[in-house]
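Visitor: Based on the sequences and whatever the hints tell you, model everything.
Protein chains: 2
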Amino acid sequence: MDAKTFREFGKAAIDYVADYMETIRECDVLPSVEPGYLFDLLPKDMPENPEDWQSVLKDVDRVIKPGMTHWQSPNMHAYYPTASSFPSIVGDILCNGFSVIGFSWICSPACTELEVVVMDWLAKFLKLPQHFLHSTEGPGGGIIQGSASEAILVAVMAAREQAVKNMKQSHPEMSESDIRGKLIAYSSDQSNSCVEKAGVLAAVPMRLLSVGDDLIFNGSILEKAIEEDKAKGLIPIICIATMGTTGTCAFDDITSLAQVCNRNNVWLHVDAAYAGSALALDEFSELRNGLELVDSLNFNLHKFLMVNFDCTAMWLRDANKVVDSFNVDRIYLKHKYEGQTQIPDFRHWQIPLGRRFRALKVWITFRTVGAEGLRANLRKHIALAERFEKKLLADPRFEMVTKRCLGLVCFRPKGDNKRTTDLLSLITERKKIYMIQAKHRDQHFLRFVVCGMDPKEEDVDFAWQEIQTQMDVVLDKKLVSAVKADVNSISQQFSKELNISNSEKSK
Amino acid sequence: MDAKTFREFGKAAIDYVADYMETIRECDVLPSVEPGYLFDLLPKDMPENPEDWQSVLKDVDRVIKPGMTHWQSPNMHAYYPTASSFPSIVGDILCNGFSVIGFSWICSPACTELEVVVMDWLAKFLKLPQHFLHSTEGPGGGIIQGSASEAILVAVMAAREQAVKNMKQSHPEMSESDIRGKLIAYSSDQSNSCVEKAGVLAAVPMRLLSVGDDLIFNGSILEKAIEEDKAKGLIPIICIATMGTTGTCAFDDITSLAQVCNRNNVWLHVDAAYAGSALALDEFSELRNGLELVDSLNFNLHKFLMVNFDCTAMWLRDANKVVDSFNVDRIYLKHKYEGQTQIPDFRHWQIPLGRRFRALKVWITFRTVGAEGLRANLRKHIALAERFEKKLLADPRFEMVTKRCLGLVCFRPKGDNKRTTDLLSLITERKKIYMIQAKHRDQHFLRFVVCGMDPKEEDVDFAWQEIQTQMDVVLDKKLVSAVKADVNSISQQFSKELNISNSEKSK
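Line by line, the protein sequences give chains A and B. Here the first sequence stands for residues 18 to 524, numbered as in my numbering. Here the second sequence stands for residues 18 to 524, numbered as in my numbering.
Please note that the accuracy of each hint is not assured.
Intra- or inter-copy, both count: the list cannot distinguish identical chains.
[To be verified] Cross-link-like lysine-lysine pairs, in silico, DSS-like; alpha carbons within 25 Å at most:
id	residue 1	residue 2
1	Lys-61	Lys-144
2	Lys-513	Lys-144
3	Lys-408	Lys-495
4	Lys-241	Lys-494
5	Lys-182	Lys-249
No wet-lab data here; the hints were simulated from the structure.
Guide: Pasting the structure below:
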């Protein structure tokens, strides 16, 4: 494809995306396709010769779009939001235009340095402790990782290697495999699945500790577990706390966890994937408590900070602990500025060698939206969730499961779990809005999350209308089946009496 | 930003990228900036209020572009190529337009199913063994991973978990930590740094075995190592072979390695990051030998298959071995089609939970380029490297270090290592072309790789001209310093004689 054709195709794609966003409310949020639908629509082999872009773009509309779950629709209320924004999309066009692999400074100075700049902008925007800034003295700094999963895994692996190194020094009588066999990590049973997975991947048992009814993981729960494990001769290495759990957006007690970690020489990582953005709002300033004591922290710009997936911010109090653990250098990767202060070689901060110029979309989004715009977007999400909460509280058929938190409302129809499941089934089958259920102890509940690129009040009203209507159907069905049961019982009774009466007649 | 502004900004970005590509030969391939250049050009804080997109785009040109290493320039000859293509860039616009997180089928059926389709297209295009296709019976299939590093790490971690599971069953007397402490993995000392890093990250010692002067890792080298380790009570779990090493593009002997792995119940993974694309060419059909015996395989479409980074294809003979190892499920991730045949939940095949709709850019590139176009692009790279090789062989000042392989020529100025280093320093300082050096045993050499989005014959001629001219300078300098040394020696001798003569006079 030559540049001229690219100009046409690219601009048509821009219009396609703009049109898509402008008409997204016209689509059901969930697709109406069965598994395998696409296999019959596409050829079994790659075409031998080029096709024109017009027919490809038509096929995007004809075969791809009908198979999409529309995450940018305001009728998406499942999982957590996945940010998208127009400037972020443009940022990725430019990133792909340059198409560099910025694993070290020389591979594109702008790629590394812009990441340093935007990570410091972001740290200040969130009012994080100074030691997380690249621009302050010391070994701290931020990096863009591909996902919260990777950020957490990096922390677990680095904590593991640090612990092995330290133990080898302090206990030269122990073999490395003895040490590795005794390592243990902690999180709460409310943490995201990727925390448990990080334990599996890093080959470090991850104890998911039960928390109380408030769903908060705190220092005393952790301390008890550490004491138990130390008594068994195990070596605690890391604790993963959560700010904004996936189920209910609960906030772990960072300060008390940090104190316990500190006393026990345990790395404290905070997964703030969803709720981290709220640090930017002074009305949530208490969320910043304890952060001065944590070793590392991640949150997703691709949740509600308007930058496309993949974009997870991660800060390290001492990046050398990661670099020392992961550095396996080769002559062909060396360059003369390597190891200079303030110019990190980010390849040693992450799992893969290669890295995209993701800072570009962050920078372009921040500049065209502005700090106040980012805060306004956060506040809009929160206000929309409050609007939903008010409506819910006014309907006596429902109950809240936990307090509303940011853009998340956890609720359920009063009564048994079946009612919740029935309601969700009906709603999911109709595809007008998409929610998912979660479980706390033995109670099923629904999660209503404000999502989509540009949610509005009328979208919340639409969702609430749908939930109410389908609740009516659930209750109607319950009524119908109750009536049916009564009719059955009456008719059985009647036929029994009829039989008796007949048999008496025939006597 | 509203949709109208996005249409303007997006189209301006398309033009910027098209202009950039059309004028890329005008830029030095390496930037003329010093570390930290960007910190003085940008404000220390995020702007409070939005700026217009025009000034942002101007800044991309003013502050970002001068700090770029131009990987898409045909004067880039370092590392390996990083694919970019116009249709692939458009594919990512649409991916970001939909902006979904396709971790399971319900999260966007098209996202999962298109990946199944294009991975099968690709497997057929490369003539891979049938069992790697999703569409054949059995547990095999392909997935798009973010990078070769991740694909290799996935293989190592899965092999580790499988080995632990199997050993626990066959040796119930051993503790899990005993088993884990005995695991060992193998690769060659020519494999990419990410293989060694995979060992570090997975906490499995990775023995990098020395290979002979042919740089080929074969079954007898592996077998000897396995026997040594088994004698020590260790448990061999995986071998990483390479098709196209980073240093010299050497090809390991897959068939003999596979036989040894098979006899020893060791997982065989093939890292074909660069050279995998060559499987598409029948003139390289011998490269396919042994692939029917391997357990997993990765190669980078973002090397020379015209799809933007990040795009690593990975195939598994038995995907269940990964899924069983990594699956940590949660109620909020479950959906009713989970676990169905041919509809993989790719989240269990990879490290992170989230995943972009990367299949879109693959599909759009394959359709607009066509199989014959992809093959032609590969053959063009090879022909350009041959052109370079011919020129080199005609200049008696240089020698080849290994045979040319695909788009890579490894060469050096005859003589000591300093000559190689001096030549590279001169070339790098001039920034007209970018190469890197590598080392084999104690010999330094230069790697000339055909790279860039659209390299042509005149670009190879330009590079060769630059290398020749700078070699003249190196030799001139050598001449000058040799003359200088002679002059010094003569003048010392003269002054010595003068002193003697004077002292004799003064007697």
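Visitor: Go through the numbered hints given earlier and state which of them the structure violates, listing their numbers in rising order.
Guide: As far as the earlier hints go, 2 and 4 are violated by this structure, in ascending order.
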